[in-house]
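**Q** In case you want the letters, here they are:
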Amino acid sequence: MTTRTWGSVAVPTVASVGAAFALSALLLWLVGAPPLEAAKLILQGAFGSADKTANTLLAWTPLVLASAGLVVTFAAGMWNIGVEGQIIMGAIFATFAAREIPGPAWVVVTATLIAGAIGGALWALLVGLLRTKGNVNEIFGGLGLDFVAFGLATYLIIGPWSRQGIASTSGTDIFREEAWLPTITLFGASMPVLAVAMAIAATVVVYYLLRGTRLGLRLKTVGKSPRSAYLLGIPNDAYILYAFAIGGALAGIAGTVQATGFHHKLVPAVSGNYGFLGILVVLLAGFSAKWIDPIALFFIAVAAGSTQLDLRLDLDSAFGDVLLTVTVLFVLFGTAIAAQKRRRRATMGAEP
Amino acid sequence: MTLELVDIHKHFGAVRANDGVSFSVEAGELHGLLGENGAGKSTLMNVVSGFIEADSGKVILDGEVLDLRSPADAIAAGIGMLHQDPLVFLPFTVLDNFLLGSPGPERIDRKAGAAELERMSGELGFTFDPDQQARLLTVGERQQLQITRLLWLGAKVLILDEPTTGISATQREQLFFVLKQLADEGLIVLFVSHKLEEVEELCDSVTVMRAGRVVGEATMPVPPSELVAMMFGKVIEAPQRPKPVVGPPVLELTALDVTKGTADLTGFSLTVAAGEVIGLAGLEGSGQRAFLDALAGLVAPDGGTVVLDGSDVTKLSYRQHLAAGVHYLPAGRLEEGLVEGLTIEEHVALTAKEQPFFIDWGEAESEADSAIDDYRIKGTPESTAESLSGGNQQRLLLAMMPADVDLLLMEHPTRGLDLESAEYVWTKILERRDDGTCILFASADLDELLIYSDRILVFFSGRVIKVLDAATADGEELGYLIGGRERS
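Protein chains in written order, with the numbering used here: chain A, 1 to 352; chain B, 1 to 488.
Bound conformation, chain A alone (with noise of 0.2 Å):
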């Protein structure tokens, strides 16, 4: 009788993280710099001062929206490739609304919000009506539409949201003020507040729909077994829309703190590629939305302290890059071998 335990997962996981963070060190060592001093160039340049701390916190939100979204579609079995469109499409929305909509701040703001969940959410059912009703696996209708989403952004910046006289993909308008994503100034710094209470608040709202309700054990029924949710009664095409539904939104939610807190305008690469980095954090997190937070955090701050070691240890930033990349490659490789090892434990007893 096994039951699912936290160990079996937990285990391999920080094992793994370890033989990462070990291989990294010697990387360091074998370049001649001193590891120790590398974390903690890193740790400083991420969260050295309230800006930077201000900065890193906005660069986590949209990685966390896009991952929560990203545990639901996982949830029902789908791989969402084309959350990096969602997170373009959200954009979008939430630039017509920023530019069209007048008003004061908290109406336009709470349009812009609304109005990128929509655009995020149905370019994600355009991805699961293609898989539903046209038998096109999610990947590739996702990969193509991220495609789309991109020319979208693009020829809207250098066409009808050019800016005045000149037509550069350098962006549209700054938008007005009263459309920028709120921040509250503490330390001197402006401060995301808004952004990280949205990012906290999505992974809490997946975490419990996953796990409280029927939505969610529903999700996870057409996820891990389709013929049997069927035979249950469970209409699978449903809860795969649903899934993208709420993904959807919640990367088009990511799309708008990029563009109405970060950039304050739209710009054709607006989603920083957040939606990829996305999958890297959710496949970390071993698809629970437990663990995101801070997966993401860790991810944005290598990221953005990397930037140090370029100008104090004449290493190259690009070391950050490959510290996240072998840690993913690390865990996912430890997790299958421990997954593995427990479906062989469990399946013993049927015939291959």
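Take these hints with a grain of salt, some might be off.
As the list claims (entries may be wrong) - Residues on chain A that point at chain B, a partial pick, calculated with CB under 7 Å:
#1 G77
#2 L209
#3 T213
#4 R227
#5 G233
#6 N236
By construction, these hints were calculated from the structure, which means they are not laboratory data.
Idealized CB from N, CA, C, for every residue including glycine.
Fit chain B to the supplied structure of chain A, relying on the hints for placement.
**A** Only chain B this time, still in chain A's reference frame:
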């Protein structure tokens, strides 16, 4: 030349797929290996052809003990296997498929290959267009291609796993002709099947397996009832039991046509009353599954009507059938019923009568506890479905059944269960019968069919050839009918 299998053991966890199998086949012999699904035939043949390694035992060919670690080892030793689903690469041409896996230099000489293909297939009486896409071949032609290829690669032993599934009558004749010819030329031909009449028609001798062991060997011809007795085991006489209380009709089938899958039913009519139990007998794949699928609404009948409780459900979807009071438990407990990775508690929550948005896990846990008590499931609310044994999975499936079921359809309700577990499962099923649920179940167990059914539909090659009154039927008669003939 002799192929000898000596004391082959292969366990998958607790399942003894092969439990000390020994037999030998002489060159020039067309040897049948007969047994029901799950008897261990395929495992054994996979061992002999190098697909899986045995836990212990020896494969001896021509006095030499073979060390088989892969299919490549087996074909190098002269053992070729034709799988039920021929292993043909569909996007490749016939010629590329033929040349695949052949030894030789890196550079492929297609011209010489095509000549070889023509020579080999000519000897066997097959014709191929070497440039044709393999996906355009029929299953029979794919088989012919594989046989040609295996013989070209030097197979001295040819194993065929259920080769007549999905091929036409002409192709079957052609296949049998070639197999006889090959045996006459001195090859060892092992014909694996659960179809009695084919083994009778084709084979010189036969080995019968049941539950991982060899239970009998015979030189043909043998009366089919003897083979049936070996395949299914000794049939005990069904105990007397009271006539069923016949309620009002629940299920009325009128002129039903089902020709999908393995079924070939035309104009089939049947009325089943509340509280009646109908057993579906027949060799595996004789149409029982497709018939149950049609009654569950998973496949649409080609004609006729299905009336449930007085209303026509013929054209309704599967989910509408569920709503109308149908419940279906197919054979794949963990593939078509339970969800791997979910716990008992989650299964109970999934099928609870009330489905509010938020799940009360405290309540789900106590519901799971009472299901565990009521159905004597060995597990805790946190046990995952795949960690339960077959019997406990079946009990969980029964525990998940809604309260108001009018028509219960089951496939192999007790397959793989020990006696005590099987009896308990039936106690629970019969409680439903006593509440007026009408029950149809397919089984390969003659005892189970005779003991629990009121009537038995005997399926043979897709059709219902006889409707038996279980009270007057006996195992011998049933055995004959399953083999496709009347007792003379």
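**Q** Against chain B, is A:T213 within 7 Å by beta-carbon distance?
**A** Since chain B brings a Cβ to about 6 Å from A:T213, closer than 7 Å, the hint holds.
**Q** Can the hint on A:R227 be confirmed by a CB-to-CB distance to chain B that is less than 7 Å?
**A** holds, 6 Å
**Q** Is the interface hint satisfied for A:L209? The criterion is a beta-carbon contact with chain B at less than 7 Å.
**A** Because about 10 Å separates A:L209 from the closest Cβ in chain B, which is outside the 7 Å limit, the hint is violated.
**Q** Let's test the interface hint: is any C-beta of chain B closer than 7 Å to that of A:N236?
**A** Where the cut-off is 7 Å and the nearest Cβ of chain B is about 11 Å from A:N236, the hint is violated.
**Q** For the hint on A:G233, does the least C-beta distance to chain B fall short of 7 Å?
**A** holds, 5 Å
**Q** Against chain B, is A:G77 within 7 Å by beta-carbon distance?
**A** Constraint on A:G77 not satisfied, violated at 11 Å.
Checked against the numbered hints given earlier, this structure breaks hints 1, 2, 6; the rest are met.
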